[in-house]
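Chain order of the listed sequences is G and E.
Each residue of the first sequence is one higher than the last, beginning at 1 in the working numbering.
Each residue of the second sequence is one higher than the last, beginning at 1 in the working numbering.
Check each hint, because a few of them may be wrong.
Pair ranges (Cβ atoms, derived) [stated by the list, open to error]:
{"hint": "1", "chain 1": "G", "residue 1": "Q67", "chain 2": "E", "residue 2": "Y157", "range": "53 to 59 Å"}
{"hint": "2", "chain 1": "G", "residue 1": "A150", "chain 2": "E", "residue 2": "V141", "range": "49 to 55 Å"}
{"hint": "3", "chain 1": "G", "residue 1": "G41", "chain 2": "E", "residue 2": "K294", "range": "47 to 53 Å"}
Pairs of lysine to aspartate or glutamate, EDC-like flavour, derived with a Cα cap of 20 Å [stated by the list, open to error]:
{"hint": "4", "chain 1": "E", "residue 1": "K175", "chain 2": "G", "residue 2": "D106"}
{"hint": "5", "chain 1": "E", "residue 1": "K294", "chain 2": "G", "residue 2": "D106"}
{"hint": "6", "chain 1": "E", "residue 1": "K175", "chain 2": "G", "residue 2": "E188"}
If you're looking for bench data, these hints aren't it; they were derived computationally from the structure.
The beta carbon of each residue, even a glycine, is placed where N, CA and C say it ideally should be.
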Amino acid sequence: MTDSLLHIENITVRFGGIVALNEVSLDVARGSIQAVIGPNGAGKSTMLNVISGLYSVDGGAVTFDGQRIDRRAPHAIGRMGVARTFQNTELFGEMSAIENVMVGLDRHHPYKFAIAMAHGPSYRRSEIAARREAHELLALVGIADDAPAAASTLPFGKQRRLEIARALATRPKLLLLDEPAAGLRAAEIESLNLMLLNLRSAQGLTILIIDHVMALVMTISDRISVLNFGRKIAEGEPGEVRTAPEVIRAYLGEKGAHALRP
Amino acid sequence: MIPRVAFWVVGIASFIIAPQLLAEYHLFQICLIASTALVVLGLVVVTGIAGQISLAQSAFVGLGGYGSAILATRWGVPLWAGIPLSSFAVAMSGLFLGQLTLRISGHYLALATMAFTAIVQLALIHSDPVTGGAAGMPVPVFRMFGVTLTTGRHLYYVILPSTALLFLLVRNVMKSRFGRAVTAIRQSETAAEAMGLDVLRYKAIAFAASGFLGAVGGGFLGSLSTYLDPAQFGITQSVYFLAVAVVGGLSSPFGAILGSAIFIFIPDLLQSFQTYLGLVFALLLLGFIVLRPKGLTSVRLPRYDFASLRPRGQQ
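Please build the complete structure, drawing on both the sequences and the hints.
Next comes the structure, spelled out in structure tokens:
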């Protein structure tokens, strides 16, 4: 697996007596869109939190771009090129949409503290450049008109888009999306699909999506891994996974699996 | 552009005119308000903007006051150099306190900073040979360019410009990527970390800034009162500063000035009421927390549309 950007090997995460992830392995190929699906409580979000450094593992290893990241602090992992969105959105609510994106851009338009105190010439230059780039990102996700609005006042669909713009602002290699389609209408899911496909083809971004909304993952994913009760039960292309009996059993239960059997 | 120029012209003009018109007592009070506002500005930075509840402010004030006084009496460092010097040292101790305590948050952080204040106060009381112990120590006279500044009228020319400069610097930083980062951290630490911001480092910097501002304010307050008494630098005083910040508006530098003005004028207005001053402050604080949690700066007076004599925005 030389071409994999993210390599997860046999990770185990325990919360007290509960095993949230049990020796799960996963590979995300460069430039691909990969999805992890599974019923509630399968360990999907745990996996995302492990990758982004919020949880530590009780066993196994996570390698990103050739380097171990499972013992690094979240901000260090972020700086290496892993960006993420959150299931219930974690925006900076009182700040405007454009400022949210500018926080993501922080280290790409740097200037020293002394410059910030005096508002020296490079302060103006960096701020203008950051603002321009932030505007472009807002336009990319289709909410340029909402730039001055406080993030918390935006409708939910737009908050989702803003989170993606903010994540892209860090110029990531890997974008982690935590249930990006939850709470979105069908039309919104469609435009989200187009946006993600476009990001992959235009910028060569690698995307890992965690979701249980099939409409999103089935249409755009190159590969899908299925988790259930902390174990990986299936993996493959969307078509294969859809018909795998283990997956049907996990989603519909034993009886449902029988009913579907030809 | 024009309002900004007007603001500076009015500001500088009133700075020059005030000493001609006002009595010594009022100038002294203005100095007191400015120094207190600096201390409270430190709290605005660390608590209002960075979201870290700090009860260490009076310790920083005490360290700033004692530090500059000790530098002057022991090593003959003049106060104009001693105050910035000791403030830098205090900022370093703020950074250290930050590193030590910032892995904890909320009530626990408040308790830890409270312990810091208690420790500093005890250290001041028990270092008799240097600090004069429980009896306290006199603050040497402020001398600059061969001029001796003893009265409020004199110190006015040092305290007011320094305060204005520091407020300007804080405002500039707030409007920069550093201000943005710290504001973001207050609103969602998790998201800020995911954006690659080193949350602990920014929090520690906010603590250092609050220490610096508190210490400069402490140096000025020491010069104004001419005597340092360790009893002034306890936990109660930390709560007092926090109350000033809350009443003025915890997230606004301007609120620091407003709150300080109120808390310094009130004892004057209520001369005959001295015994119950604590009660008045407590009620003020409680009232603001319940009714105006964002402080005085959040109060917007209804603006009248004089043509129709109705508040604007109403049909």
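Structure-based check of each hint:
| no. | hint | verdict |
| --- | --- | --- |
| 1 | G:Q67 x E:Y157: 53 to 59 Å | holds (58 Å) |
| 2 | G:A150 x E:V141: 49 to 55 Å | holds (51 Å) |
| 3 | G:G41 x E:K294: 47 to 53 Å | violated (40 Å) |
| 4 | E:K175 x G:D106 | holds (13 Å) |
| 5 | E:K294 x G:D106 | violated (28 Å) |
| 6 | E:K175 x G:E188 | violated (35 Å) |
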